Amino acid sequence: MKWFGRRETHQSARTAEGGRIDRSRTVRFTFDGAQFTGHPGDSLASALLAHGVHLMGRSFKYHRPRGVLAAGSEESNALVHVDRGGGRETPNLRATQVEIYEGLNARSQNRHPSLAFDLGSAAGLMSRFLPAGFYYKTFMWPASFWRRVYEPAIRAAAGLGVAPMDADPDRYLRRYAHCETLVIGAGPAGVAAALDAAAVGGRVILCDEQAELGGSLLSEPHAVIDGLAGAEWLAGALSDLARHPNVTLLPRCTAFGWYPDNMVGLAERVTDHLATPGVHQPRERLWQVRAGAVVIAAGAHERPLVFPDNDRPGIMLAGAARAYLNRYGVRPGQRAVIVTACDSAYACALDLHRAGVMIAAIADIRADVTGPAVEAVRAAGLLVRTGVSITGSTGHLRVTGALFGTEWVACDTILMSGGWTPSLHMHSQSRGKIRFDGANFLPEAMAGQQSVGSCAGVFDLTGSLPGRVVSGVIAPRGGFAGLVPGAKAKRAFVDFQNDVTAKDLLLATREGFRSIEHVKRYTTTGMATDQGKTSNLNALAIVADQLGTAIPHVGLTTFRPPYTPVTFGTIAGTSRGALFDPERRAPMHDWAVSRGAVFEDVGTWKRAHCFPAPGEVMHETLARECRAVRTEAGIFDASTLGKIEVVGPDAAEFLNRLYTNAWLTLGVGRCRYGLMLSEAGFVMDDGVVGRIAEDRFHVTTTTGGAPRVLNHMEDYLQTEFPELRVWLTSTTEQWATIAVQGPRARDILAPHVTGIDLAHAAFPHMSVREGRICGVPTRLFRVSFTGELGFEINVPADYGPAVWRALMASGHLTPYGTETMHVLRAEKGFVIVGQETDGTVTPDDLGLCRMIARSKRDFVGKRSLRRPDMLVANRKQLVGLLTDDPSTVLEEGAQIVEDPGQPVPMRMIGHVTSSYPSATLGHSIALALVEAGRSRMGTVLHVPMPERMIAVRVVEPVFYDKAGARLDG
Amino acid sequence: MLIIPCPYCGARPENEFRYAGEAHIARPADPEALSDAAWADFLYMRTNPKGRHAERWRHVHGCGRFFNCVRDTVTDRIERTYPAGTAP
Amino acid sequence: MKFSLRTLFTQGLAGQSGWPEQWRSPEPRAAYDVIIVGGGGHGLATAYYLAAELGVRNVAVLEKGWLGGGNTGRNTTIIRSNYLWDESAAIYDHAVKLWEGLAQELNYNVMYSPRGVMMLAHTIHDQQVFKRHVHANRLNGIDNEWLTPEQAQAFCPPLNIGKNVRYPITGAALQRRGGTARHDAVAWGYARGASTRGVDIIQNCEVTGIERNVAGAVTGVTTTRGRIGAQKVGVVAAGHTSVLMAMAGVRMPLESFPLQALVSEPVKPVFPCVVMSNTIHAYISQSDKGELVIGAGTDAYTSYSQTGALHIAEHTLDAICEMFPMFRRMRMLRNWGGIVDVTPDRSPIIGHTPVPGLFVNCGWGTGGFKATPGSGHVFAHTIAHDRPHPIAAPFTLERFTTGRLIDEAAAAAVAH
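For the protein sequence lines, the chains are A, B and C, in the order given.
Counted from 1, the first sequence has number 594 at position 594 by this note's numbering; the numbering is strictly sequential.
Counted from 1, the second sequence has number 1027 at position 58 by this note's numbering; the numbering is strictly sequential.
Counted from 1, the third sequence has number 1103 at position 46 by this note's numbering; the numbering is strictly sequential.
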């Protein structure tokens, strides 16, 4: 193929000397499988250009062949995929930002089968039928074809690179930093600002997205600053800053987002430029910097000129060409045409001319061009045509000529400049105001931050370095935005990557899209991966011109973070796997692990779900565990229950207001089951509360509800009842809680307990005593969530495992997990908040009317219970359900209907909240919430499942030991 | 991330705090005396202004105290913070 | 001009020069029969159905900025109707049914793509909740099915169903009719349809007051473009509802929170459906353009700033990277915020207000986009007939007084 035949195998476009690359060393890399060489300091783009390769990418919509447009992060065409091996693949990287290293493996994107010959470019032939928004106007018939035919085709054509398919093995870290001054951008203005800030004292952070600090000075060989060559001044300044103890220099570090109170997000690329990263190095690092003041020295972006076929490979920004020549020692071509509306292109012309590039033509849109820049060019013997617009170009995979009306000028590169657009991204993200000065949008000064240098519209170096003597540079005066005079809008690209032309913008305007936000969304201009850095002002100018209005009236699209794309992993940092959401483990966790427990996630807790014996299947395990508790005794780790110590002279009064039941009458050493409502009257939490002393309560909460309950209590205590003398302390982590339940529980405990009389009369059900167990201080509760004689042993958390092991040594205890706990409590009809309740359930719905102290004038949630809808007769009430076939276990979440014969949509009157096979009872049991359920006792309802209808009988929600005789062992 | 001046601890980053809704909605002294509409107003109705907003925060990962705060909901700038139970 | 392949072709031959404005931009008249305040999807849909179905054509839509510039143009475009309660399921499925024919109805390709919405279960509690939804939906005639982890991965190959993650996937609920649509096109399609039928769409027109007569009834609005009279005013202003209703002295049970979303750089098709996880707290899909579209819950505090905090986006990407470790090297291209109006029960308010002639449609929270056609349709009926459409009837403001809440937050998603 022609392109391959022409490809240079050596660095033919490299200059003999100059630039900031390290010519003493050679680096080999591959691009699309072909071998190339370059030097340390090269970007992938500069190294390819050194080989005469301009063609680096394909556009999004028409798959037009594209060369590199820019030299920095604003690049829109040269997007590549870099594969470091081992799943380390990254799509959509800008070749201008990829630093080459030995073995770099890059490939082009969005083309098939090859970059030079892309079948997708057929879309370009159809472009007249594919205007902006064409997809809104067609693909509607037949309706089913959108999903099946049209959309898959569109999706396949869209997208740019290919997403990696393997898990990313790299690491990412986060850092937080504080400083008095953060300087964004290490161009001359930023370096000067950092020097000034460091001189005043205070911490300074200077970050820059490029590998090398210096910004525009890196491409400016002629500047003289304070009597020094620009490069020397820069080296001295950076060396001063590097030596300063309070200054942090961060190259390869992009300030991407601005958040309230001067918090700025920086993304640092740590290892992507290294052939072999250190094993301990993260790939990237997220910095979150809180700055007293921020100096934005983010620079400006050069605008392309919008003319027909302005996108052929070989056409690039004049400033980029100058960077490639001066910084990288690469000639962009052998025969250049320069088209401009800004003096900065003259600096480019002069440098290229000196480097031996033939300048075929210089055309300036401006009719009247005067000043030192144009004079210098003329003095060098170059002809400048003024008042002349370029009207087109020729070529396919490389530009071959420029058109000026009917005149054709042969060339292999066209270098363009429409002037410079200040980078307002960070200023705008900080919610800074913006004004329009007739040519550019500029930042308005505001407290806590300032813009300096070209991002503030100060384009000449002298202005960017106040107090310093600068000479030797050409100030970039002038500029133009919009479609160049006399040119057709067709194929005049504004947004290169998304293939948005001036014609598309005119169409959008004609169709009534007048706000720039509408134009942007309809045409997709400015929505590519460069987010319109080079295109936005041209688009605005074209729309404003069409509407006959001024640019500010069209509006300016909002600048959104990030400034340039930020790796997901960088933002996620170390939050993966175990660190994604650190596990909470109960004190006896390790013991459970050693016994082969199966765990379940409950909130952030890991809880033992069951303890399967070797060879057991799940239902056998549960049957064994249940049987053990009902016939002997079981041991259960209840430590995850929330625990709050409520202390103070008014503690009982406080609980009286927070819980539905009465607390003033609860004696010391006694417990009560407490029900807590939200102010809206719905059940929020429950738990046993023990009165340890007149002024001290041991409150337990559900596992998941502990933080919410404590916050709820603190809220009322601090803001509604501040007169109460009560103090709240979370003690969840301080107590290990071991439940021992079963007829033999007392016998098993007795040998280990001292200082507490365990006899029933001395220590009845719902009591709490303090004493010792295994010599360890304990709060021993006599409570039962199983219906059996039961105790809950609270010991200081660190002693939990020892006490647990001591009790296990008795040989009569069977450890059981949460699932058995659920079965046992369901057999007794005890509810679980969050399972029987869902935030819409009242105490009466649960049949817990007795829990409401009628005598109390008020408690949280009481008034809401009187609202009309809380009193209606058909509220859903807790009932039990039994199936005809004892082996049928209903599905939790299954719905319940009255009439099994009704058609869909069926009228549902309730749902199954809990359902288990009960080994003890020999049949399945279920709890359910059913409309007016308590009035339906004995009736038959139906559970429609996909495969069959299951009849169920409504029963009392207590299946086992209704009289409660077993509580006493 | 906002910087929030806790009246008890001083300026701290937002992730030490938990937002707690509109301030100065006192729980009625005698809820039983209220009509359903008045009770609903207390429970649910909120000013939700675009601009100055008196709101509550809790320094949950700090002193644990609830306090009040006046913040502009357009700029997110905090005007002042002051203890719970005191007037704006 | 009808949109079709044929007109696209003939316009192509004519250099695309003959397309007319998609909607008119008239000066406001002195008075209308109905004024809709808010030119987002819901407001424009309301105006469209008033004109197209109910013969109410003397209608103006007043928009303070540009059409679809609020949450319509800022959301993650997820469509589904697998809500728990009958009332919610009815209104969201009403919307899905309208979505299914919307491109043809509007002659505007809104790109409704039923690619499936999958909600991942990670815990036993998740399973109980999702199965409750699946069963309730099935009996309501709404598709929603339970999948094993293996079935879930077959439907969505990037899903990691391994056990060696913090919250392994234990199953999923899949609504195949759920999916996505092109958000801007919805606003533009309704605007074009409404404008064609006589509705005046007036942009850059901010309502500054709501006028009432001595009886308290609405007589019109004052705006930045002058006074406009109307006997009926419908406020459809999402995050700004409280501000507008305050102009008529009505307090609302609403709080406005920032809701963030973000997209990656575009890549070739890699993600076939919508996946949501409430436990891990994020959701993701891939747009037709190739961007991964990602969101999560709201920011913590009320705000009208249309921005969000980095630590919220951080948490969202933590979750995405945990679920899909192959996407860790993908890059965030754009991150933005909307303002969502949230009710205490996470269900909308649609209907009358205490002020005669003043109607409100708000409180859609984080899930309003999916409801757009259904919301506009029932609100139009409610305004035209001056009584609630049967599907809208449960979503009254009075429910906060009676306690008849429709609490989707209780059992369902934080993320929508």
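I should point out that these hints are in silico values taken from the structure, not numbers from a laboratory.
As the structure is a prediction and not an experimental result, all values here were calculated from the model.
All C-beta atoms, glycine included, are put in the ideal place defined by N, C-alpha and C.
Treat the hints loosely; a few may be bogus.
Claimed, not checked - Some residues of chain B that are not near chain C, with every Cβ distance over 10 Å (derived): (1) G979; (2) E983; (3) A995; (4) K1019; (5) C1032; (6) G1033; (7) V1039; (8) T1055.
To be verified - Derived DEER-like restraints, expressed as beta-carbon distance ranges: (9) C:G1112 <-> A:T604: 56 to 66 Å; (10) A:N246 <-> B:E1048: 48 to 58 Å; (11) A:A143 <-> C:A1450: 25 to 35 Å; (12) C:G1283 <-> A:T604: 53 to 63 Å; (13) A:R435 <-> B:G1020: 18 to 28 Å; (14) A:L871 <-> C:G1112: 36 to 46 Å; (15) A:L871 <-> C:G1266: 12 to 22 Å; (16) B:G1054 <-> A:R468: 40 to 50 Å; (17) A:R435 <-> C:G1112: 32 to 42 Å; (18) B:F1011 <-> A:P722: 10 to 20 Å; (19) A:R468 <-> C:P1214: 55 to 65 Å; (20) B:E1048 <-> A:A143: 12 to 22 Å; (21) A:D858 <-> C:G1112: 51 to 61 Å; (22) A:T574 <-> C:A1450: 18 to 28 Å.
Okay, the hints, checked on the actual structure:
no.: 1; hint: G979; result: 20 Å, holds
no.: 2; hint: E983; result: 7 Å, violated
no.: 3; hint: A995; result: 16 Å, holds
no.: 4; hint: K1019; result: 5 Å, violated
no.: 5; hint: C1032; result: 19 Å, holds
no.: 6; hint: G1033; result: 17 Å, holds
no.: 7; hint: V1039; result: 13 Å, holds
no.: 8; hint: T1055; result: 21 Å, holds
no.: 9; hint: C:G1112 <-> A:T604: 56 to 66 Å; result: 57 Å, holds
no.: 10; hint: A:N246 <-> B:E1048: 48 to 58 Å; result: 33 Å, violated
no.: 11; hint: A:A143 <-> C:A1450: 25 to 35 Å; result: 31 Å, holds
no.: 12; hint: C:G1283 <-> A:T604: 53 to 63 Å; result: 57 Å, holds
no.: 13; hint: A:R435 <-> B:G1020: 18 to 28 Å; result: 24 Å, holds
no.: 14; hint: A:L871 <-> C:G1112: 36 to 46 Å; result: 43 Å, holds
no.: 15; hint: A:L871 <-> C:G1266: 12 to 22 Å; result: 41 Å, violated
no.: 16; hint: B:G1054 <-> A:R468: 40 to 50 Å; result: 58 Å, violated
no.: 17; hint: A:R435 <-> C:G1112: 32 to 42 Å; result: 49 Å, violated
no.: 18; hint: B:F1011 <-> A:P722: 10 to 20 Å; result: 18 Å, holds
no.: 19; hint: A:R468 <-> C:P1214: 55 to 65 Å; result: 59 Å, holds
no.: 20; hint: B:E1048 <-> A:A143: 12 to 22 Å; result: 54 Å, violated
no.: 21; hint: A:D858 <-> C:G1112: 51 to 61 Å; result: 54 Å, holds
no.: 22; hint: A:T574 <-> C:A1450: 18 to 28 Å; result: 51 Å, violated
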